[in-house]
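Trainee: Here is what each chain is made of, one letter per residue.
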Amino acid sequence: MNPFDASVSALAAQLATKQVSSRELAQAYLDRIAALNPAINAFITVDPAKTLAEAAAADALIAARKNGPLTGVPIAHKDIFCTDGWLTTCGSKMLHNFVAPYDATVVARFKAAGMPSLGKTNMDEFAMGSSNETSHFGAVKNPWDTARVPGGSSGGAAACVAARMAPAATGTDTGGSIRQPAAFAGITGLKPTYGLVSRYGMIAFASSLDQAGPMAPSAEDCALLLNVMTGFDSKDSTSLERDKEDYARDLDQPLAGLRVGLPKEFFAEGLNSEVAAAVEAAVNELKELGATTVEISLANSKLAIPVYYVLAPAEASSNLSRFDGVRYGHRAPEYADLNDMYAKTRAQGFGAEVKRRILIGTYVLSHGYYDAYYLQAQKIRRLIAHDFAEAFKACDVILGPTAPGTAFKLGEKSDDPVEMYLNDLYTIPANLAGLPGMSLPCGFDSKGLPIGLQLVGDYFSEAKMLNVAHQYQRVTDWHARRPEGLQ
Amino acid sequence: MSLSQDDVKRIARLARIEIDDAQAQATQTQLNTIFDLIAAMQAVDTSGIEPMAHAQEVSQRLREDRVTETDRHAAFQAIAPAVENGLYLVPRVIE
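First to last, the sequence lines map onto chains A and B. Residue numbering for the first sequence is 1 to 487, as defined by this note's numbering. Residue numbering for the second sequence is 1001 to 1095, as defined by this note's numbering.
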């Protein structure tokens, strides 16, 4: 069997029964990365020697029968995660030379599970973007059409999974950065409940919104990866103290009696008609599987983008103040004094979008404007969360499109930040409320580009969402398709 | 509400980001477009609504006041732009 067609669980089974070694598997993926990455630019850093050493260690675990469920399966990490001994750039010139001296908890957990790292994936600078065009290391190309964006900010992760340059990848989602690129690249991605996955060692953008999650071809794969990622971490003050769950436990549950909420605001003006048709067809599939639908309203969701573009930049301006050229990363070569060193270092190290957001954040937090912007945004954030709480009295899961359209052309929206921001209007509400959300493929448009279906669940309902997605994927094959020419 | 070029330069100074006149002009236009978008939330009546700082209602965890980390200053300083005798070097701030 072609390893690039195998699911994460199938690869794990082949490894456990020694049909293939982790080294062989890692080498096959490294060869594919070498062949495809020049055209797609999904990876910033690849280090075959490190990957193969980790794979050899995984083979030793298997030989000693000390392997876990996913031991030996390779994975790619978004370059936002600190990885001991690997370049960790966050897509920025500011960190172009930063070799992390420790592992993020997410990375450490995958390592402890015996999963070798295939490399660090490209991303929008400091995770700020919806197209992966703001990376210092160049734009990522969508494997379905290399003239188009893969979505952002986990665009490198989405593209590498779509092109099967990795069986799975880690991503992060602050306003939709797992779900939107998953939709544009035709893969499955899950943003867990806020606090379920540790943020330790994940370079911070907006701390009250950032959340790490898995990206893979299928919901079943995501469930297995989530099992590795979650768990309390004392190093993250917002990590939730909860018992470990098996997120694959409900995958085979039938959907009879499932109540699917359809927010009328997500099917309104601005939604591409082909996306709407594909999502409606998916709703019909779920009805065939026994689900019922109920119309719900998320009346304040139209305010999610304005609220997000106050809160996220405010937090970013604070978090990114640590990049000053003193302890790590870029430092301007010439400066007059300390303040000049800070100002020149930050002017040179940050790209345009990052600077724009730092300036917005600095302004909304500045004296005299705090109440009008930051406090008002936090109050509306509660209204948005309240809408969801009311909706979940009537339904088990909320369904809608992931993005208003499919992948757009490189450069098409890069001169208009507001146009770019509107891409995330369906994904941001879940981040503001801290709810779990996922995107899965539900069709293709007339240009052959993937369409994403979004599920939003109540707090800690990841197993239910994965169940819905898996049952849908049992009767459809959108998630199994691969870009032509990359078979 | 509309930001002037002087406003943009003042914010950039507060944010410690060097900006020249041409950049300030381009930034001014873009920031004003973004603040037009943000203005939509200003009209909402939020009287009596508690601000929501975090998604989960959790209180700050406390731990025993003892050292748990090992000394790794050599590893951390190995990636610094300039160090000497275990100290980070920056331009002189006191004459």
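Keep in mind the hints are simulated off the structure, nothing from the lab. Ideal Cβ placement from N, Cα and C applies to all residues, glycine included. Errors might be hidden in some of the hints.
[Unchecked claim] Distance condition first, Cα-Cα at most 20 Å in a straight line; then the derived SDA-like pairs of lysine to any residue:
no.	chain 1	residue 1	chain 2	residue 2
1	A	K264	A	A64
2	A	K235	B	R1061
3	B	K1009	A	D324
4	A	K287	A	K409
5	A	K344	B	R1092
6	A	K111	A	T146
7	A	K409	A	E390
8	A	K302	A	L422
9	A	K413	B	A1053
10	B	K1009	B	F1035
11	A	K244	B	Q1056
12	A	K344	B	F1035
13	A	K344	B	Q1060
14	A	K413	A	K244
15	B	K1009	A	Y370
16	A	K344	B	L1089
17	A	K464	A	P254
18	B	K1009	A	G351
19	A	K235	B	Q1060
20	A	K344	B	P1081
21	A	K93	A	A347
22	A	K379	B	R1016
23	A	K50	A	A112
24	A	K302	A	E390
25	A	K50	A	P101
26	B	K1009	A	L410
[Claimed, not checked] Chain B is faced by these chain A residues, among others (derived, beta-carbon under 7 Å):
no.	residue
27	F267
28	K344
29	L365
30	G368
31	Q378
32	I380
33	F392
34	G485
Trainee: Please write out, lowest number first, the hints stated earlier that are contradicted by the structure.
Mentor: Per hint list: 1, 4, 6, 7, 9, 12, 13, 14, 22, 26, 27, 29, 30, 33 and 34 violated.
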